[in-house]
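**Student:** Starting from two chains that each stand alone, build the complex the way the hints lay out.
In order, the protein sequence lines correspond to chains A and B.
Our numbering puts the first sequence at residues 638 to 742.
Our numbering puts the second sequence at residues 31 to 201.
If you're looking for bench data, these hints aren't it; they were derived computationally from the structure.
Just so we're clear, the structure is a prediction, and the values are computed from it rather than from any experiment.
Yeah, the Cβ is synthetic: ideal placement off N, Cα and C, and Gly gets one too.
If you anchor each label on the Cβ, the simulated ranges turn out as follows:
(1) B/Leu118 x A/Pro651: 23 to 29 Å
(2) A/Asn688 x B/Gln185: 51 to 57 Å
(3) A/Ile650 x B/Arg133: 22 to 28 Å
What follows is the residue order along each chain.
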Amino acid sequence: MVLQNYVILDTGIPARVHFTDHVIEKRTVTDPRLGTPTTRNVLVFDVDRLNGKEVTAKYSIMAEKHAGQFEAYLSGQLYRGYDFIITKRGEGFRTNWTVEAIPIK
Amino acid sequence: MARKTQQVEVRMISEYLLSAYAEFPTIKAVPLGKVDESLMATQGYQRAIGIMRPYRPEVDAIVILPRYLILIEAKVWNVVNGLAKLPLYKSLLHFTPELEKYRGREILMELVVGWTNDNLEIMARDLGVKVVVYSPAWLEDIVAKQHNYWTAEYQRERQRKLQMRELLGLE
Chain A
638 MVLQNYVILD TGIPARVHFT DHVIEKRTVT DPRLGTPTTR NVLVFDVDRL
688 NGKEVTAKYS IMAEKHAGQF EAYLSGQLYR GYDFIITKRG EGFRTNWTVE
738 AIPIK
Chain B
31 MARKTQQVEV RMISEYLLSA YAEFPTIKAV PLGKVDESLM ATQGYQRAIG
81 IMRPYRPEVD AIVILPRYLI LIEAKVWNVV NGLAKLPLYK SLLHFTPELE
131 KYRGREILME LVVGWTNDNL EIMARDLGVK VVVYSPAWLE DIVAKQHNYW
181 TAEYQRERQR KLQMRELLGL E
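Chain B with its partners taken away, still in its complex shape (with noise of 0.2 Å):
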């Protein structure tokens, strides 16, 4: 389930970025965060960003406009997570080596949903971020889903799915 969930934001972000910034440079999956600089002295600048990468966190895309650089992460499942990550990965652009030649634009921050709701706005506002709900054809029936995720009629259905499959030897 948590490679599926990677997968549909991952063309969300895509198509995300076509439809609002197809003008402007774009970069997705951007690790963020200082590279320990004793190790950049002794082992090179691209080895040492390789050796750092699981110790620094990644940002779904970055937006690159003349006087700004707009952070974005894209959810469909766990949006307060999403949200919460923004400003902690603002407070981090200023450490990042490879976007060192963007320092001194202003930082916005985007929060790319499939649907949204009155506190995930409240909470948002709060932070700064921007809500924009993105929603194509596709990604509904996923919304949809997961809002009937916690139905009765929705549990008793993926039940009869998970015996089936115990059934049939399919697990």
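Bound conformation, chain A alone (with noise of 0.2 Å):
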């Protein structure tokens, strides 16, 4: 589902997607428990291609361990080469993804 420009990932669908370009950025988040504001770093992906179809839009990845999974393939944006599927299992702090990496022949 694009909304607003960004992808946003249900529970238990995958999405297959593609990456042309990333940025990281610090974004002020409100923590849930606290209410306090706190500053985290994002990993904000562009994206060409959802499903098939061509998009403008944004991939945005704020836990570390999802992050951790393309971490390799931001240098020299590796991403580029590859679709991902990723399916997105779990709600809050147990969410998990499961990521494809399938190469662009």
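**Tutor:** Next up, the structure:
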């Protein structure tokens, strides 16, 4: 689903995406438990294909665990050579992501 | 500490897959095993997979080769746990609905570690698991800390840090 130019994953539904660029942004978010603002690094990808359709959208990752799944692809923008099928599973702190990397021939 | 462990291993597996299998499809964090058929019939495929999530173990990665599937666990700490899991995970592969299209391929197993030793190699050989040492510079420091953990010097320094934290009210 693309909502306001952001790709939002539905739990359990795989999404096939292609990334063209990325940036690491600092973003201020509110801690859900304490209600206080905190600054976090967010990995943001530009998405040009979503489930086979051309889009102009962003995929934003705040979870360190999920960002770590892409860390090795950031150098030299290696992610451009892959399609990724991402499946979000679980909710809250127990959220996990299955990430399939498919080289583009 | 547990959370830190996971992030190190996530980075490790991600880098290793790219360095060793960049040309092949890979899947990270793959749930394994059966999904209850009656649940699938009543709830639908995707929802049933979601409901079953807590009851399905997860392998760090799978590499899809033309004739093989490689099951991979990456471990910095608890390396024997990683080794022991692989043959058990292998037994679940053929029951995993998400991997149905890859059935018929031979299964290989790899344990990716920051360091190895003779006993680990002996156990791995017996289980049919290949041990791969992946130790980039950023991981060497972590491995060195692990090796020093039980030395008197490390424990003294750790104790000092813990006391300082308590003194400063950081705990």
